[in-house]
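Participant: Read off the chains here:
There are 2 protein chains.
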Amino acid sequence: MMEPIFKNISIIGLGLIGTSILHAIKAKSNKEITTYAYDINSKHRDIVVEMGIATFVCDNIQDAIKEADLVILAIPVGSMKILANSIGPSLKEGAIVTDTGSTKSSVIEDVNPFIPKNVFFIPSHPLAGTEYSGPKSGFGSLFENRYWLIICEYETNHTRNLAKFFQNLGSIVETVSAEYHDKILAITSHLPHLIAYTIVGTASDLESDLKNDVIKFSASGFRDFTRIAASDPIMWRDVFLNNSEAVLEMLQRFNEDLSDLQKAIRKKQGKKLFSFFSRTRSIRKKIIEAGQN
Amino acid sequence: MMEPIFKNISIIGLGLIGTSILHAIKAKSNKEITTYAYDINSKHRDIVVEMGIATFVCDNIQDAIKEADLVILAIPVGSMKILANSIGPSLKEGAIVTDTGSTKSSVIEDVNPFIPKNVFFIPSHPLAGTEYSGPKSGFGSLFENRYWLIICEYETNHTRNLAKFFQNLGSIVETVSAEYHDKILAITSHLPHLIAYTIVGTASDLESDLKNDVIKFSASGFRDFTRIAASDPIMWRDVFLNNSEAVLEMLQRFNEDLSDLQKAIRKKQGKKLFSFFSRTRSIRKKIIEAGQN
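Top line first, the protein sequences correspond to chains A and B.
Note that the first sequence covers residues 8 to 300 in our numbering.
Note that the second sequence covers residues 8 to 300 in our numbering.
Isolated chain A (complex conformation):
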């Protein structure tokens, strides 16, 4: 039974994350929580009506947020500014606004100016997802045992309540700074996605026969990359536009390492290759030990 920390919750954006939050609230709460759902795409709203996972699906964004104690923006980071601008004046006094975007410095810059003095914006990011998107892709256990990062300098009653809410959805909560978040995500998520998109793109440019056989004989490495590269293109366009500095820095380091390996292959330096391929195993071991495999 979820303690009703927030009685009226607004979910803006009904994709994988938004609908998963609705599923999780519905599965875990008693009827004391009222949820208001909104998506700019009316087809997505219709699907959520049909699924019956929200108390109210609103056709108007103001109706979806004006009663809410907690507003969750589960939309691409590139849409945060225009959305914050549109909801700012209608937010309820004392409400908490959070978001689930994959870049945090940009979201703070985009959202903060539109948040009224008596409303509290606390950015956050659940480290959870799949390669699927859209309202039908959500499921209630998405956040189970996954980290949900809250961006704040120091704890307050508001950040503690938000943390408790995320914990009730199944998450492990940690707090980090926006800048540090963006650096970590650049290497753990943004760069891997960029690389996966690149290699699948390279394959899709191959001559037609070879390309068909690449698809047919996609061994495990490439198959994994195509899964990553099947993620929502709008979300990822926005991520790279909004965390470009950290991504470009990590990309530069990556390129230097790749050049080294390229040279080692060309010069047939077996010892160098072996030593490089050996040291990467220890990181995998640590990830398995950390229970995040």
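A couple of the hints might just be wrong.
Since the list can't tell identical chains apart, any single copy or any two copies may satisfy a pair.
As the list claims (entries may be wrong) - No farther apart than 30 Å at their CA atoms in a straight line, the calculated lysine-lysine pairs in the BS3-like style are these:
#1 Lys-35 <-> Lys-14
#2 Lys-171 <-> Lys-35
#3 Lys-270 <-> Lys-218
#4 Lys-88 <-> Lys-50
#5 Lys-50 <-> Lys-293
#6 Lys-279 <-> Lys-50
#7 Lys-218 <-> Lys-292
#8 Lys-171 <-> Lys-14
#9 Lys-171 <-> Lys-223
#10 Lys-279 <-> Lys-293
#11 Lys-218 <-> Lys-293
#12 Lys-293 <-> Lys-143
#13 Lys-278 <-> Lys-143
No wet-lab data here; the hints were simulated from the structure.
Chain A is already provided as a structure; the job is to place chain B on it using the hints.
Facilitator: Chain B alone, transformed into the frame defined by chain A:
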């Protein structure tokens, strides 16, 4: 019940592939098949003795091959030459020799000179594996529904028998040329592994605090890469040394595509990023349709 196409089978190399073949033969055959197992590492031999998956585990490689109608070399491609040289004179007349290496042109060049006139070398490659290695990592269903490529110019009774044997292990068999195989594998397997090794290597060079948090918060993209980069370093060193030409060619194309994306991020070209990220989805769709996901 497996038809005993080959009554005496020798498995050289008791890692993931070698022991999986032993498991599969044991699970599917009646007692008419005798298996002879050998590994240069005596500890691996001891483990296979303990597991009881081979009829005989031989301490001497000559004993392991001299009676065999089928000899399977499941060893790193860099060891093929020295091994072929050592077993060549002891191979039984009429025997078939195959291998399971990930590079084919190099293996043909390394093995063929040591194969006697009355023995038939038919290279092959099962497109199956995991990130685990060693004799305990094998399992009998590894080849189920996975392609096993046979390298030959035209079919003979020998290639047909070998295909039937692989089909009995659960595989789908196709024939390709060595050069074409090496090109396909460069993009579907070798380049993805190189990239995964690189990015995990880049992460392991980060400052200690950041590195620990990267491990802790390894989101889905990076986690997948660490799995790929946990593969056997000797096997992969040998792959890159022995398929360097095809890998370097694909790597060049990849680098060009990555530079394009890098520029698009730096110049904040949203349309270009979106269009690139959209077209990669169709390859995933085709892979799912092909049942190889």
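Participant: Now, for every hint given, state plainly whether the structure supports it.
Facilitator: Here is how each hint holds up against the structure:
For a Cα distance limit of 30 Å, the shortest separation of Lys-35 from Lys-14 inside one copy, 14 Å, qualifies, whereas the shortest one across copies, 60 Å, does not. Only within a single protomer do Lys-171 and Lys-35 lie at most 30 Å apart by alpha-carbon distance; the minimum there is 13 Å, versus 53 Å between protomers. Taking the closest pair of Cα atoms, Lys-270 and Lys-218 come within 30 Å of each other both inside a single copy (27 Å) and across two copies (26 Å). For the identical chains of this complex, Lys-88 and Lys-50 are intra-copy neighbours only, at 23 Å inside a copy versus 62 Å across copies, given an alpha-carbon limit of 30 Å.
Taking identical chains as interchangeable, the C-alpha atoms of Lys-50 and Lys-293 lie at most 30 Å apart only when they sit on different chains, with a minimum of 26 Å there against 43 Å within one chain. Proximity of Lys-279 to Lys-50 under the C-alpha cut-off of 30 Å is restricted to the inter-copy arrangement: shortest distance 27 Å between copies versus 54 Å within a copy. For the identical chains of this complex, Lys-218 and Lys-292 are inter-copy neighbours only, at 14 Å across copies versus 34 Å inside a copy, given an alpha-carbon limit of 30 Å. Proximity of Lys-171 and Lys-14 under a CA criterion of 30 Å is satisfied intra-copy only: 14 Å inside one chain copy versus 65 Å between copies.
Within a single copy, Lys-171 and Lys-223 get their C-alpha atoms only as close as 47 Å, which misses the 30 Å cut-off; across copies the closest is 21 Å, which meets it. For the homomeric pair Lys-279 and Lys-293, the shortest alpha-carbon distance inside one copy (23 Å) is at most 30 Å, but the shortest distance between copies (37 Å) is not. In this assembly of identical chains, Lys-218 and Lys-293 lie within 30 Å of each other by CA distance solely across copies; the values are 11 Å between and 36 Å within a copy. In the homo-oligomer, the alpha carbons of Lys-293 and Lys-143 lie at most 30 Å apart only across protomers (21 Å), although the nearest pairing inside one protomer, at 34 Å, exceeds that limit.
Taking identical chains as interchangeable, the C-alpha atoms of Lys-278 and Lys-143 lie at most 30 Å apart only when they sit on different chains, with a minimum of 26 Å there against 49 Å within one chain.
In this structure, none of the earlier numbered hints is contradicted; all agree with it.
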